[in-house]
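Enquirer: Going down the list, the protein sequences come from chains Z and H.
Each residue of the first sequence is one higher than the one before, starting from 1 at the first, in UniProt numbering.
Each residue of the second sequence is one higher than the one before, starting from 1 at the first, in UniProt numbering.
The set of hints was computed from the structure by calculation and includes no laboratory data.
From a predicted model like this one, the values you see are computed outputs, not experimental measurements.
Some hints here could point you the wrong way.
[Claimed, not checked] Okay, the calculated bits of chain H under chain Z, using three or more residues with CB under 8 Å as the criterion: (1) 45-59; (2) 64-72; (3) 150-164; (4) 286-298; (5) 320-329.
Every residue, glycine too, gets a C-beta built ideally from N, C-alpha and C.
Protein chains: 2
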Amino acid sequence: MTTSEAERSAMRRALALAATPGVPLGPNPRVGCVLLAPDGTTVAEGFHRGAGSPHAEVDALARAGAAARGATAVVTLEPCNHTGRTGPCSEALLAAGVSRVVFAQADANPVARGGGHRLRQAGVEVVGGLLADQARAVNEVWTFAVTSGRPFVTWKFATTLDGRSAAADGTSRWVSSRAARLDTHRLRALCDTMLVGTNTVEVDDPALTVRDEADEPLDVQPLRAVMGLRDLAPDRRVLDDRAETVHLRTRDPHEALAALFARDRQHVFLEGGPTLARAFLTAGLVDEVVTYVAPMLLGAGASAVADLGIGTIADAVHLDVSDVTVLPGDDGEDTNVRLTMTPGPTPGRTSSPTPSPTPRRT
Amino acid sequence: MTTSEAERSAMRRALALAATPGVPLGPNPRVGCVLLAPDGTTVAEGFHRGAGSPHAEVDALARAGAAARGATAVVTLEPCNHTGRTGPCSEALLAAGVSRVVFAQADANPVARGGGHRLRQAGVEVVGGLLADQARAVNEVWTFAVTSGRPFVTWKFATTLDGRSAAADGTSRWVSSRAARLDTHRLRALCDTMLVGTNTVEVDDPALTVRDEADEPLDVQPLRAVMGLRDLAPDRRVLDDRAETVHLRTRDPHEALAALFARDRQHVFLEGGPTLARAFLTAGLVDEVVTYVAPMLLGAGASAVADLGIGTIADAVHLDVSDVTVLPGDDGEDTNVRLTMTPGPTPGRTSSPTPSPTPRRT
Numbered sequence: 001m002t003t004s005e006a007e008r009s010a011m012r013r014a015l016a017l018a019a020t021p022g023v024p025l026g027p028n029p030r031v032g033c034v035l036l037a038p039d040g041t042t043v044a045e046g047f048h049r050g051a052g053s054p055h056a057e058v059d060a061l062a063r064a065g066a067a068a069r070g071a072t073a074v075v076t077l078e079p080c081n082h083t084g085r086t087g088p089c090s091e092a093l094l095a096a097g098v099s100r101v102v103f104a105q106a107d108a109n110p111v112a113r114g115g116g117h118r119l120r121q122a123g124v125e126v127v128g129g130l131l132a133d134q135a136r137a138v139n140e141v142w143t144f145a146v147t148s149g150r151p152f153v154t155w156k157f158a159t160t161l162d163g164r165s166a167a168a169d170g171t172s173r174w175v176s177s178r179a180a181r182l183d184t185h186r187l188r189a190l191c192d193t194m195l196v197g198t199n200t201v202e203v204d205d206p207a208l209t210v211r212d213e214a215d216e217p218l219d220v221q222p223l224r225a226v227m228g229l230r231d232l233a234p235d236r237r238v239l240d241d242r243a244e245t246v247h248l249r250t251r252d253p254h255e256a257l258a259a260l261f262a263r264d265r266q267h268v269f270l271e272g273g274p275t276l277a278r279a280f281l282t283a284g285l286v287d288e289v290v291t292y293v294a295p296m297l298l299g300a301g302a303s304a305v306a307d308l309g310i311g312t313i314a315d316a317v318h319l320d321v322s323d324v325t326v327l328p329g330d331d332g333e334d335t336n337v338r339l340t341m342t343p344g345p346t347p348g349r350t351s352s353p354t355p356s357p358t359p360r361r362t
Numbered sequence: 001m002t003t004s005e006a007e008r009s010a011m012r013r014a015l016a017l018a019a020t021p022g023v024p025l026g027p028n029p030r031v032g033c034v035l036l037a038p039d040g041t042t043v044a045e046g047f048h049r050g051a052g053s054p055h056a057e058v059d060a061l062a063r064a065g066a067a068a069r070g071a072t073a074v075v076t077l078e079p080c081n082h083t084g085r086t087g088p089c090s091e092a093l094l095a096a097g098v099s100r101v102v103f104a105q106a107d108a109n110p111v112a113r114g115g116g117h118r119l120r121q122a123g124v125e126v127v128g129g130l131l132a133d134q135a136r137a138v139n140e141v142w143t144f145a146v147t148s149g150r151p152f153v154t155w156k157f158a159t160t161l162d163g164r165s166a167a168a169d170g171t172s173r174w175v176s177s178r179a180a181r182l183d184t185h186r187l188r189a190l191c192d193t194m195l196v197g198t199n200t201v202e203v204d205d206p207a208l209t210v211r212d213e214a215d216e217p218l219d220v221q222p223l224r225a226v227m228g229l230r231d232l233a234p235d236r237r238v239l240d241d242r243a244e245t246v247h248l249r250t251r252d253p254h255e256a257l258a259a260l261f262a263r264d265r266q267h268v269f270l271e272g273g274p275t276l277a278r279a280f281l282t283a284g285l286v287d288e289v290v291t292y293v294a295p296m297l298l299g300a301g302a303s304a305v306a307d308l309g310i311g312t313i314a315d316a317v318h319l320d321v322s323d324v325t326v327l328p329g330d331d332g333e334d335t336n337v338r339l340t341m342t343p344g345p346t347p348g349r350t351s352s353p354t355p356s357p358t359p360r361r362t
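Make the full structure from the sequences, and use the hints.
Expert: This is the structure:
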């Protein structure tokens, strides 16, 4: 079944609505919807503003009122068929009398999907896949999480040019420049969870809050997750009331990610030390690596990356570089270089975990 | 004293002549010269083609013949006042009846300089300093060498993202991508000397020849210098007849550079292992650092940089980044990143050596 130029144009508009800046982050995908009258003119627009608020289709239907009858709904994600905090969009579209639905990305969520089928059964014309790649790009992490059943993991580390994270006496403030530290806070804010090990909490006592350029904490903070068997001393900064904190009493990365996924977490920013990173890396649970290289030589001191048990060059972990960004230093600070990379196959890497049945759109 | 628009235009042309591509590299500076008639029209042009061939002024005078009388010589470097393989340009300009000389860079060579003074004494109008910065840029390494009395040292090393140059079993072929290795050959060709230690010759047995993209050796090869007290086994590849080789029987970087400078060497490409690099680094004898970062993790194995005796982060060697270049990999190879840097003050760094009286323009 084909689509009209008006529908394609409406889909581009719906994609822009989905990507509206400032929409609160949460476990739900970003979705936009445009309702078109039979003559191709726009009846109403809508988009989703985060968990608990109406889905894009319902938002648009509410604005359209009776004018939705006979309209075509152009929506960036297949309408859901699931009752979470809100009812199924498929039923809302049927109740409003929509006669045709054009969607982009098929719902990857095993629980919520099936809206297209439901609508077709009820006699509505349904076309899927229009600009689907662009729609997936809007919800890259959500798509990853619902299809693989675990959060996407970004491992961040800072290193000197010679692979050190601290000097021989343990001093490490600061290997990274101020520009690199600010950039790290920007990346933290794009995730919903920061994860460290109990050892990092013990030794470094980080606050793990996300701060803006003025060093003020943001209003919305990611979850602080600490993993490991050791008890946390009650005076640790990660236990203050500036953000929510969860202690995951496991050393197994799969278990930790499953626990976070059960809490609707989709994007983990792994900031622990080399040992924690090694556990995720060797388990094949690192999806992205962000490295800040400081143009500094120490010659000795703590290694930025732990012994991975790699004996020969052929077993090295190769990373695909997707971005290189130069972060100029000001006030005489070092220029740092940020590399963003994707791991290739890792020795000992396990297969993908089974998708979880946890509902993703609530 | 001021210069005319015709003289400024002629100087820009002389700078272009000085930088003529394909001129053989050698110990001499690149120089261009334009002779202007009193009405500002060009009488003749010349440039220097390498040691043993006429200097730029003499080249231009020969082309001008009798028309040089009363002309203005616009030249990118102060005319020399020294008899090497060719006679002093100051005398040649006087003999030709040139009435005015405009030069850019003052001759930094303690032996050859004084041409401007000699010409003034003989009644010629002399103006120096026009576009001097651009002229220095044409001969950056030469200017460094003649003013500091030693060759400029570029230290190159390749490293994994975690600071390793080889895996735990010693295997290191290849940490760098093919693109990075080709780029290294390009940089080698810009130097006049490659320097390694006897240990590298013993262990790695490198040919130390410069090869082109087809892996063929170039016609003109830099000097191969090996430093250290140990004798070289006669079957070592560095001793073959594909290029000249010198064995510097010293462990002292100052001594090694003095010996190379005495051989008219101006740009050393330091490719030895971490121990040799440390000796130069701690002696303050590294002027440029070129690092190829391979997006690869080993977790263990030989460190790319030796223990520098740095105990605390405040003593780290900071490098100023002047360039970051991404070298994309093809055929599934890693993308490498090249950082070009200048060392800041180094702990234990010694003061600059005394300029040597060795003649530089021969």
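Enquirer: What are the numbers of the hints the structure violates, in ascending order?
Expert: The structure breaks hints 1, 2; every other hint is satisfied.
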